[in-house]
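From first to last, the protein sequence lines stand for chains A and B. For the first sequence, position 202 (counting from the first letter as 1) is numbered 202 according to our numbering, and the numbering increases by one without interruption. For the second sequence, position 170 (counting from the first letter as 1) is numbered 170 according to our numbering, and the numbering increases by one without interruption.
Please keep in mind that the hints were generated in silico from the structure rather than gathered at the bench. Be aware that a few hints might be false.
What the hints assert, rightly or not - Here are the simulated DSBU-like pairs of lysine-lysine, each with C-alpha atoms no more than 35 angstroms apart in a straight line:
1) Lys59/A <-> Lys99/A
2) Lys169/A <-> Lys78/B
3) Lys169/A <-> Lys99/A
4) Lys78/B <-> Lys59/A
5) Lys59/A <-> Lys169/B
In this text, all values refer to a predicted model and were calculated from it rather than measured experimentally.
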Amino acid sequence: MNEARRSLVTAANLHLRIGETTILHDVGLDISAGEILTLIGPNGAGKTTLVRVLLGLLKPDSGEVRRKEGLSVGYLPQSFEVDHSLPLTVRRLLRLTQKPSPEEMEAHLDEVGARNLLDHPVQSLSGGERQRVLLARALLRDPELLVLDEPIQNVDVNGQNELYRLIAKIRDERGCGVILISHDLHLVMAFTDQVVCLNRHICCTGHPEAVSKNPEYLALFGKHAAESLAVYTHKHDHVHGSEGEILPIEPEEARHHHGGA
Amino acid sequence: MEDFMLRGLMGGVGVALVTGPVGCFIVWRKMAYFGNSMAHTALLGVAIGFAFGVDLRLGILISCMSLTIILVLLQSRKTLSTDTLLGILAHMALAVGFIAVSMLETFRVDLMGYLFGDILAIGVLDLWWIYLGGAAALGVLAWLWRGLLALTVNEELASAEGIPTFAVKLVFMLLIAFIIAVAMKLIGILLIISMLIIPPAAARRFSKTPEQMAALAVLAGVFSVAAGLWASLEWNAPAGACIVVAASALFLFSYAWEMIAGR
Numbered sequence: 001m002n003e004a005r006r007s008l009v010t011a012a013n014l015h016l017r018i019g020e021t022t023i024l025h026d027v028g029l030d031i032s033a034g035e036i037l038t039l040i041g042p043n044g045a046g047k048t049t050l051v052r053v054l055l056g057l058l059k060p061d062s063g064e065v066r067r068k069e070g071l072s073v074g075y076l077p078q079s080f081e082v083d084h085s086l087p088l089t090v091r092r093l094l095r096l097t098q099k100p101s102p103e104e105m106e107a108h109l110d111e112v113g114a115r116n117l118l119d120h121p122v123q124s125l126s127g128g129e130r131q132r133v134l135l136a137r138a139l140l141r142d143p144e145l146l147v148l149d150e151p152i153q154n155v156d157v158n159g160q161n162e163l164y165r166l167i168a169k170i171r172d173e174r175g176c177g178v179i180l181i182s183h184d185l186h187l188v189m190a191f192t193d194q195v196v197c198l199n200r201h202i203c204c205t206g207h208p209e210a211v212s213k214n215p216e217y218l219a220l221f222g223k224h225a226a227e228s229l230a231v232y233t234h235k236h237d238h239v240h241g242s243e244g245e246i247l248p249i250e251p252e253e254a255r256h257h258h259g260g261a
Numbered sequence: 001m002e003d004f005m006l007r008g009l010m011g012g013v014g015v016a017l018v019t020g021p022v023g024c025f026i027v028w029r030k031m032a033y034f035g036n037s038m039a040h041t042a043l044l045g046v047a048i049g050f051a052f053g054v055d056l057r058l059g060i061l062i063s064c065m066s067l068t069i070i071l072v073l074l075q076s077r078k079t080l081s082t083d084t085l086l087g088i089l090a091h092m093a094l095a096v097g098f099i100a101v102s103m104l105e106t107f108r109v110d111l112m113g114y115l116f117g118d119i120l121a122i123g124v125l126d127l128w129w130i131y132l133g134g135a136a137a138l139g140v141l142a143w144l145w146r147g148l149l150a151l152t153v154n155e156e157l158a159s160a161e162g163i164p165t166f167a168v169k170l171v172f173m174l175l176i177a178f179i180i181a182v183a184m185k186l187i188g189i190l191l192i193i194s195m196l197i198i199p200p201a202a203a204r205r206f207s208k209t210p211e212q213m214a215a216l217a218v219l220a221g222v223f224s225v226a227a228g229l230w231a232s233l234e235w236n237a238p239a240g241a242c243i244v245v246a247a248s249a250l251f252l253f254s255y256a257w258e259m260i261a262g263r
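Extracted from the complex, chain B is given alone in its bound form:
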């Protein structure tokens, strides 16, 4: 196997290990739009990173986490629903980011690159980012798991049983922002959001407990990465898009399985 393929595979598997369990919570908590909004906000982060001469990941991280905190502050006023607030904030961030990028004359951002990324361009340093960042993210998720699951099942019950629901929710949102910030520059918006949503959705039909679904989502993610990379090599097609198509095919298969099994 070529080196770049191996690095792409290792990077994709590393991403799948994290997005499986984290994505389950995004599906259970109906937060897909939040993930999308984070991705929109990332462009602003790219501009910030470039303008201040810092690592783009840091710029993305700052913009995504700021947006999360603004969202939480606005949510507490309870006048508008979360998806409306996200629709406002995310598009505002995208527009401001776009203006900022256009005003930085020396900077030509490769928007296609951010949208689709290039998993086959992952370098050794990037792998370190994925595995160390991923280990940190999984550590935080393991620490949150009991409380986050309890409040996902029923928030009132969780708070009555002493779980600090506000803090748990905030940390989880910041965790998503972190994952998107680290992964986006490497694999693109399309792939990171897809990896958060599609493998957990495919795993749902075959799971009886939350933990089973998280584990199966990891397997589905790893399979999608391997199948997608193989297909991209075989047909000389863009790797990231092939992975998304493979994951979607897996989801459709699980759906068909349910229809046939009649469950």
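So here's chain A without its partners, still in its complex pose:
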């Protein structure tokens, strides 16, 4: 990533009120190609709203959003439940708003490790499979920017890690920018370049380690979260060679390791 930073979306001084409630107060951020930005904050912090503003789906009351011209975006919504009354196979889902060829569809399902799902009903997929299929669908748009709103919901712990690694792999191979929304920095940490901690205003921003030590972050998420986080990165370095062990650590265990470090 030595190439010059190619900015995809820049936002500054965003303000947005809905009714009487201030949703965004003086929010700004910048995302470049090849970068994973994690947007973290408690429920109701305005994360999804901010993304909608960044994508141009919602107009801010004031402030500026600059998107790269012709920016193509792949989007994974926060929730994706298809009613059982609607018959929908993965194949039809992939062809919902575009017309990819069967080869393209298979290639993209392969890329996300979800081959052989093409003719399965969408409703029969597991949480992890569903996210992979949605990721493949987003990749079919050949996106310069991937926006993933809470991608690990309804995915089991093993699957969560695999999913994050997959996202990092996609970033490495395609060089696209990624905006990841999460309410838990815990797992995202090792896979992210920049963290923006949002609670209607920007609490803090920077590299994950710096953010995890920031007083505003600690005030928002508690010392406990920060501790397990610190250990988590430590532990991650430790087990980096052997795959599959980067799992969330039990609180006791976490403190124990922390003391020993």
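Go by the hints and put chain B onto chain A.
Just chain B now, with coordinates in the frame of chain A:
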């Protein structure tokens, strides 16, 4: 075959061609209550049409479309759920319509006629209405299809991919209002609502894609019309009700099929 039977059959088939695909979206989007509310509102439209001396269809169309727009405006405030708002609006419209009808002294509305209609009384002019109106409705639906399906699958995703979700939803609701307005005077509330809901429900078990379900819903609708008319002739029973019973039987069959096939 008698002329009136042929016209009834042609009219019913024309209705089924439209209600199959449109009804699928009503089922997928859980809008059955919206359809019902439109039908309730139609009485007000009948009164309006009579009071102002215009075509009753126009009166129904105006009242149904007004109700749709009021609903959409209230929905944007997000304080009450859609079914509550519909419950309020539809019954208000029904009550006002009933009062209006009772005050128009020279006007005696045949409520049974509006409830059950009379498919065997369809005339040649009515057939024109069904087929031209139906072609227009299908044209609008074809134009909406991609966006409407995308937002039915996931509204957030659709809007992120550039589909004007608000406009698409509004046009679809107005389309339902139009279909009910045109069809109600001919075949009655019971039959039009049933034709929108039951054939798509019967088609669900045998479909793998939305388009298959729409096509099968048309087939189920056509079959119900033919079987219902035949039964009505055979047993001298009211035709509209026979069609509804035939469609329901088809639905029960599809349900039983699923149980036996163990899917």
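- Can you name, in rising order, the numbers of the hints this structure does not satisfy? The structure breaks only hint 2.
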